[in-house]
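Asker: Single-letter residue listing:
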Amino acid sequence: MKSNDLQTIYVMWLREMKRFLRSKSQLIGTLVIPFFFLFTMGFGFSSGFTLPNSIPNMNYLDFLVPGIIGLTMLYSSISAGISVLWDKEFGFMKEIMVAPVSRIAIILGRIAGGVTTTLIQCILILIISIFMGLNVVSFWGIILSIIFMTLIGIGFIGLGVVIASIIEDTQGFSLIMYFVIAPIVLLSGVFFPVSNFPCWLRVLAYLDPLTYGVDGLRSSLIGFTQFPMSLSLGILAVFGIIMVLLSSYLFNKVKV
Amino acid sequence: MLAIETKNLSKEFNGLKAVDGISFNVNKGEIFGLLGPNGAGKTTTIKMLATLLDPTRGEAKVWGFDIKKQKNEVRNSIGIVFQEPALDNRLTGRENLDFHARLYSLDEEIRKKRIEEVLEIVELKDKADVIVENYSGGMQRRLEIARGLMHYPKVLFLDEPTLGLDTQTRHRIWDYILSLNKKEQTTIILTTHYMEEVDYLCQRIAIIDFGKIVALDTPSNLKNILGGDVISIETTLAEKAFLAFQKLSWVKKITQHDGMIDLNCEHGEEKIPLLMEIDQKEAGFEIKSINLRKPTLEDVFLHFTGRTIREIEASQIEKNKRRI
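Protein sequences, first through last, are from chains U and X.
When we follow the numbering used here, the leftmost residue of the first sequence carries the number 167, and every step to the right adds one.
When we follow the numbering used here, the leftmost residue of the second sequence carries the number 2, and every step to the right adds one.
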């Protein structure tokens, strides 16, 4: 990687940061929505919801928080990736496309920016949850969970860019957001353990990269796991690499 | 070496020829104009030269670099101001320039100095730290021109640089363009459908219509092709008048458009009395007005395409209305 590429990544990241800090609605939205989830789900569900017997000594909050973090990572990451669309709409894409810089560096810069903002959000959720009584396994568990968050971020920002590169305009945007995000979330075991699923649904769940993200977050934060951690890490890493390469390829083909 | 060389450059979109085999050269330090109505293929040509679109056929070199094989080298040599805005609205003017300078790897010292310099050129110093969202259209355009200059481009593309701007701002931008060409020896290629713009700025122009270059020369040479002055006559019955004027021996060329008749001739001022001597009653028409002018680029355009740019645009608006 040339120094020019590092500079490109940095300047794309810097731009994302400036835009993030300047947009009050984005700032407030990213911080408030996950709490809304956390409170309503955490207190609302916990009374009437029992986890399967296989999971001893765990309250629903413990089960839910890693899922909410995964969900937030997913939603914010795809949104960050799809923001390429707005650049296309407002013409700024052309400025980026005529610059003498590598396309993969542009994508990595975007991902770096998106991962930073989503991490800020999720670490905040984590801190508040600990105050609410989340039983975290260990300090190293928290560090590990941040690695998982980063991997989820890279993969799904990449997916967002892929979607933004394929759809031509902003018309189909909300529809796609819905049809992409809803199945990924519902299959990933955010709200119920995947082991509760019927067999055929479990197959679909295993195809969902977020399943491994959520499982990795659960195992690192609260010690509850269904897959070996190395498997989750491996699958997320492969997913991330594929998405980065695919998004750079498609991004280069975008008509401006 | 030439600043730009194109050979048989073509671009098709779904079988429609947007640019149809154009070849032209631009010299270093020149201000070169691409003149044509909307949809003639000017922007597509610029986009190909700027490496944003791959040509369907043909080749081109910008500053000696091949637009297909040496994209990064081409990108490094050019600056471009697009027709539609391409700024980040949530950043300030200065931040937009800073972003650009970093993308083009200017080191910190040059970057800071250059930002001040280009802000000075386009007179945006006092607005540099305002978020672009709050800029007027003219200010945005100026900022874009400033940005196009940031990295000392060898060749600057301006795609309709003054489209939709008021006269005052337009003249100011023209002056920037001229001073830029002089001070920094930047080669400039601009597209426009304003005749005054090419007349004022360009050393040579290419007239483009339906994706083809129909004429290429200096503005004064192009005007000379028409041969002398143009007398435009408005009559009550254009068809009859056309037949009558056709018989006049001193008329070099006669054309009819927009209900007017244009006569090309030498020493037009001496011919007006001769026109009045025609027995209008017998010929069956009446002259409503006569206008004499030295040829303009509008006439040149009419000569080569058979239409005026205004006519073309009016019919385009009509078409669009019908589509709606």
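There's no promise every hint is true.
[As the list claims (entries may be wrong)] Quick list of in silico lysine-lysine cross-link-like pairs, BS3-like style, CA-CA up to 30 angstroms: (1) U:Lys190 - X:Lys155; (2) X:Lys70 - X:Lys8; (3) X:Lys272 - X:Lys241; (4) X:Lys241 - U:Lys421; (5) X:Lys126 - X:Lys155; (6) X:Lys114 - U:Lys419; (7) X:Lys241 - X:Lys213; (8) X:Lys29 - X:Lys183; (9) U:Lys184 - X:Lys113; (10) X:Lys18 - X:Lys72; (11) X:Lys62 - U:Lys419; (12) X:Lys113 - U:Lys419; (13) U:Lys421 - X:Lys72; (14) U:Lys184 - X:Lys272; (15) U:Lys421 - X:Lys224; (16) U:Lys419 - X:Lys224; (17) X:Lys69 - X:Lys155; (18) X:Lys272 - X:Lys282; (19) X:Lys29 - X:Lys184; (20) U:Lys421 - X:Lys213; (21) U:Lys190 - X:Lys18; (22) X:Lys70 - X:Lys18; (23) X:Lys241 - X:Lys62; (24) X:Lys114 - U:Lys184; (25) X:Lys241 - X:Lys184; (26) X:Lys72 - X:Lys224; (27) X:Lys295 - U:Lys419; (28) U:Lys421 - X:Lys295; (29) X:Lys114 - X:Lys69; (30) U:Lys190 - X:Lys128; (31) X:Lys113 - X:Lys224; (32) X:Lys272 - U:Lys421; (33) U:Lys421 - X:Lys70; (34) X:Lys8 - X:Lys18; (35) X:Lys224 - X:Lys241; (36) X:Lys295 - U:Lys184; (37) X:Lys62 - X:Lys295.
[As the list claims (entries may be wrong)] Listed next, the stretches of chain X that the computed footprint assigns to chain U, with coverage defined by at least 3 CB atoms under 8 angstroms from CB atoms of chain U: (38) 16-24; (39) 32-41; (40) 81-91.
Rather than coming from a laboratory, the hints here were simulated on the basis of the structure.
Using N, Cα and C, we set each Cβ at its ideal position, and we do this for glycine too.
Asker: Hint by hint, note whether the structure agrees.
Answerer: Quick rundown of the hints versus the structure:
Our distance criterion of 30 angstroms between C-alpha atoms is broken by U:Lys190 and X:Lys155, whose separation comes to about 40 angstroms. For the suggested pair X:Lys70 and X:Lys8, the alpha carbons sit about 15 angstroms apart, so the restraint of at most 30 angstroms is met. Distance check on the hinted pair: X:Lys272 and X:Lys241 sit about 19 angstroms apart at the alpha-carbon level, within 30 angstroms; holds. The hinted pair formed by X:Lys241 and U:Lys421 fails the criterion: a straight-line CA distance of about 52 angstroms is larger than 30 angstroms.
Note on X:Lys126 and X:Lys155: the hinted pairing holds, with a Cα-Cα distance of about 24 angstroms set against a maximum of 30 angstroms. A distance of roughly 35 angstroms separates the Cα atoms of X:Lys114 and U:Lys419; the hinted pair therefore is violated under the 30 angstroms criterion. Taking the CA atoms of X:Lys241 and X:Lys213, the gap is about 35 angstroms. The hint is violated against a cut of 30 angstroms. With a C-alpha separation of about 12 angstroms, the suggested pairing of X:Lys29 with X:Lys183 holds against the 30 angstroms cut-off.
For the proposed pair U:Lys184 and X:Lys113, the alpha carbon gap of about 19 angstroms is at most 30 angstroms, so the pair holds. This hinted pair checks out: X:Lys18 and X:Lys72 have alpha carbons roughly 23 angstroms apart, not beyond 30 angstroms. Distance restraint check for X:Lys62 and U:Lys419: the Cα-Cα separation of roughly 22 angstroms lies within the 30 angstroms cut-off, and the hinted pair is therefore satisfied. Proximity of X:Lys113 to U:Lys419 is assessed by CA-CA distance (about 33 angstroms); at most 30 angstroms being required, the pair is judged violated.
For the hint pairing U:Lys421 with X:Lys72, the CA-to-CA distance comes to about 16 angstroms; that is within 30 angstroms, so the pair holds. Proposed proximity of U:Lys184 and X:Lys272 is contradicted: the alpha carbons are some 69 angstroms apart, above 30 angstroms. Of the pairs offered as hints, the one joining U:Lys421 and X:Lys224 is violated, with about 39 angstroms between alpha carbons and a cut-off of 30 angstroms exceeded. Straight-line distance between C-alpha atoms of U:Lys419 and X:Lys224 comes to about 43 angstroms, which puts the hinted pair past the 30 angstroms bound.
At most 30 angstroms may separate the alpha-carbon atoms for a hinted pair to count; X:Lys69 and X:Lys155 meet this at roughly 19 angstroms. The suggested pairing of X:Lys272 with X:Lys282 holds, with an alpha-carbon distance near 20 angstroms, which does not exceed 30 angstroms. For the proposed pair X:Lys29 and X:Lys184, the alpha carbon gap of about 14 angstroms is at most 30 angstroms, so the pair holds. Restraint check for U:Lys421 and X:Lys213: the C-alpha separation of about 23 angstroms stays at or below 30 angstroms, so the hint holds.
For the hint linking U:Lys190 to X:Lys18, the alpha-carbon distance of about 46 angstroms lies beyond 30 angstroms, and the restraint is violated. For a cut-off of 30 angstroms, the pair hint linking X:Lys70 to X:Lys18 stands: about 23 angstroms separates their Cα positions. Of the supplied pair hints, the one linking X:Lys241 and X:Lys62 is violated, its CA atoms being roughly 52 angstroms apart against a limit of 30 angstroms. The hinted pair formed by X:Lys114 and U:Lys184 meets the criterion: a straight-line CA distance of about 22 angstroms does not exceed 30 angstroms.
Distance restraint check for X:Lys241 and X:Lys184: the Cα-Cα separation of roughly 56 angstroms exceeds the 30 angstroms cut-off, and the hinted pair is therefore not satisfied. At most 30 angstroms may separate the alpha-carbon atoms for a hinted pair to count; X:Lys72 and X:Lys224 exceed this at roughly 38 angstroms. Taken as a hint, the X:Lys295 and U:Lys419 pair is broken in the structure, with Cα atoms around 49 angstroms apart against an allowance of 30 angstroms. Distance restraint check for U:Lys421 and X:Lys295: the Cα-Cα separation of roughly 44 angstroms exceeds the 30 angstroms cut-off, and the hinted pair is therefore not satisfied.
Pair hint X:Lys114 plus X:Lys69 does not hold up; C-alpha atoms about 33 angstroms apart against a cutoff of 30 angstroms. Straight-line distance between C-alpha atoms of U:Lys190 and X:Lys128 comes to about 22 angstroms, which keeps the hinted pair within the 30 angstroms bound. A hinted pair counts as satisfied when its Cα atoms are at most 30 angstroms apart, and X:Lys113 with X:Lys224 does not qualify at roughly 46 angstroms. Between X:Lys272 and U:Lys421 the CA atoms are separated by roughly 55 angstroms; this puts the pair beyond 30 angstroms, and the hint is violated.
Taking the CA atoms of U:Lys421 and X:Lys70, the gap is near 19 angstroms; set against the 30 angstroms cutoff, the hint holds. Using a Cα cut-off of 30 angstroms, the hinted pair X:Lys8 and X:Lys18 holds, with the two alpha carbons roughly 16 angstroms apart. Our distance criterion of 30 angstroms between C-alpha atoms is met by X:Lys224 and X:Lys241, whose separation comes to about 29 angstroms. A C-alpha spacing of about 56 angstroms is found between X:Lys295 and U:Lys184, which places the hinted pair above 30 angstroms, so the restraint is violated.
In summary, the hint linking X:Lys62 to X:Lys295 is not supported, as the alpha carbons are separated by about 38 angstroms, beyond the 30 angstroms threshold. Using a Cβ-Cβ cut-off of 8 angstroms, 0 residues of the segment 16-24 of chain X lie near chain U, which falls short of the minimum of three, so the contact claim is violated. Coverage of the segment 32-41 of chain X by chain U is violated in this model, with 0 residues showing a Cβ closer than 8 angstroms to a Cβ of that chain against a need of three. Here the segment 81-91 of chain X counts 9 residues with a CB under 8 angstroms from a CB of chain U, which clears the bar of 3, and the coverage holds.
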